[in-house]
Amino acid sequence: PATPVFQDGRATPVPISVDVTNLRTYRTPVGAVWVVGEVLNRGEQSAENIRVEIALLDTAGQPAGIAQAWVAPGVVPAGARAPFSVLVELPAETGDINSVASVIGGSTVIDLGSRYLDLVAGNVVVDSAENRATISGTVTNTGAETVAALTIVATLYDAQGNVSGTAQLFQTEPLPPGA
Numbered sequence: 001p002a003t004p005v006f007q008d009g010r011a012t013p014v015p016i017s018v019d020v021t022n023l024r025t026y027r028t029p030v031g032a033v034w035v036v037g038e039v040l041n042r043g044e045q046s047a048e049n050i051r052v053e054i055a056l057l058d059t060a061g062q063p064a065g066i067a068q069a070w071v072a073p074g075v076v077p078a079g080a081r082a083p084f085s086v087l088v089e090l091p092a093e094t095g096d097i098n099s100v101a102s103v104i105g106g107s108t109v110i111d112l113g114s115r116y117l118d119l120v121a122g123n124v125v126v127d128s129a130e131n132r133a134t135i136s137g138t139v140t141n142t143g144a145e146t147v148a149a150l151t152i153v154a155t156l157y158d159a160q161g162n163v164s165g166t167a168q169l170f171q172t173e174p175l176p177p178g179a
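Using the working numbering, you'd call the opening residue of the sequence shown number 1 and step up by one each time.
In case anyone wonders, no lab produced these hints; they're calculated from the structure. It cannot be assumed that every hint is accurate.
[What the hints assert, rightly or not] Simulated restraints on C-beta separations:
#  : residue 1 : residue 2 : range
1  : V86       : L150      : 19 to 25 Å
2  : E173      : G113      : 18 to 24 Å
3  : G61       : D118      : 42 to 48 Å
4  : D158      : V86       : 17 to 23 Å
5  : G95       : E173      : 43 to 49 Å
6  : G137      : Q45       : 40 to 46 Å
7  : D127      : R24       : 21 to 27 Å
8  : G105      : G137      : 26 to 32 Å
9  : R24       : L150      : 35 to 41 Å
10 : E44       : Q160      : 27 to 33 Å
11 : E173      : Q68       : 29 to 35 Å
These numbers come from a predicted model, not from an experiment. Yeah, the Cβ is synthetic: ideal placement off N, Cα and C, and Gly gets one too.
Using the sequences provided together with the hints, build the complete structure.
Take a look at the structure:
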């Protein structure tokens with residue numbers, strides 16, 4: 001007999017192949033720790049709702065804390081990278097921190113629904129001065145549908161290519177095809 005999944009017409013999910021890369025920790029002036037990194041979707045299909053768990057270890061390798069972070073954007077196309085970041089409160093006496101991260105959640109995209117991926121970023125310029133970054137650029141809708149709302153995600157890198165931060169901008173102004 002047909003399985004319930006087959007009977008209602010939905011596809012069977014495929015396991016994701018997503019790795020954590022470029023993991024870094026940065027101590028803030030008040031003692032907290034920013035944990036930033038990226039995931040790489042090594043799979044053949046887009047992945048969604050990816051969650052990462054980070055174990056924070058002191059210099060002796062003992063657990064100092066644990067944190068979880070969602071990857072942004074919500075859909076990561078095959079072969080693409082996407083950032084995550086989380087601020088963790090730790091006592092200043094914890095000292096230097098090392099971290100280990102793993103993907104603990106996510107799935108393949110079965111149906112995009114109202115989400116839309118036919119967008120291209122261009123003319124991106126990052127101006128950094130006085131420990132601040134200003135990002136400017138354009139987003140072009142290369143598809144056939146009007147985008148109702150847009151989430152723009154930026155990953156910031158230092159001179160050595162390490163992730164140093166992330167940023168998100170939510171745009172609610174419609175973006176028609178070709179614009």
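Do the hints match the structure? See the list:
1. Taking 19 to 25 Å as the suggested C-beta distance range, the pair V86 and L150 conforms, at roughly 24 Å.
2. Distance hint for E173 and G113: a CB-CB separation of about 21 Å, consistent with the stated range 18 to 24 Å.
3. Against the hinted window of 42 to 48 Å, the Cβ-Cβ separation of G61 and D118 comes to about 46 Å, which satisfies the hint.
4. Between D158 and V86, the C-beta spacing of about 19 Å keeps the proposed range 17 to 23 Å intact.
5. About 47 Å separates the C-beta atoms of G95 and E173, a value consistent with the hinted range of 43 to 49 Å.
6. Evaluation of the 40 to 46 Å hint for G137 and Q45 yields a failure: the beta carbon distance comes to about 28 Å.
7. Under the hint 21 to 27 Å, the C-beta atoms of D127 and R24, about 22 Å apart, fit the expected range.
8. Look at G105 against G137: about 31 Å separates their beta carbons, and that is inside 26 to 32 Å.
9. At about 28 Å, the CB distance of R24 to L150 disagrees with the hint of 35 to 41 Å.
10. The given range of 27 to 33 Å is respected by E44 and Q160, whose C-beta atoms sit roughly 31 Å from each other.
11. About 32 Å separates the C-beta atoms of E173 and Q68, a value consistent with the hinted range of 29 to 35 Å.
Checked against the numbered hints above, the structure violates hints 6, 9; every other hint is satisfied.
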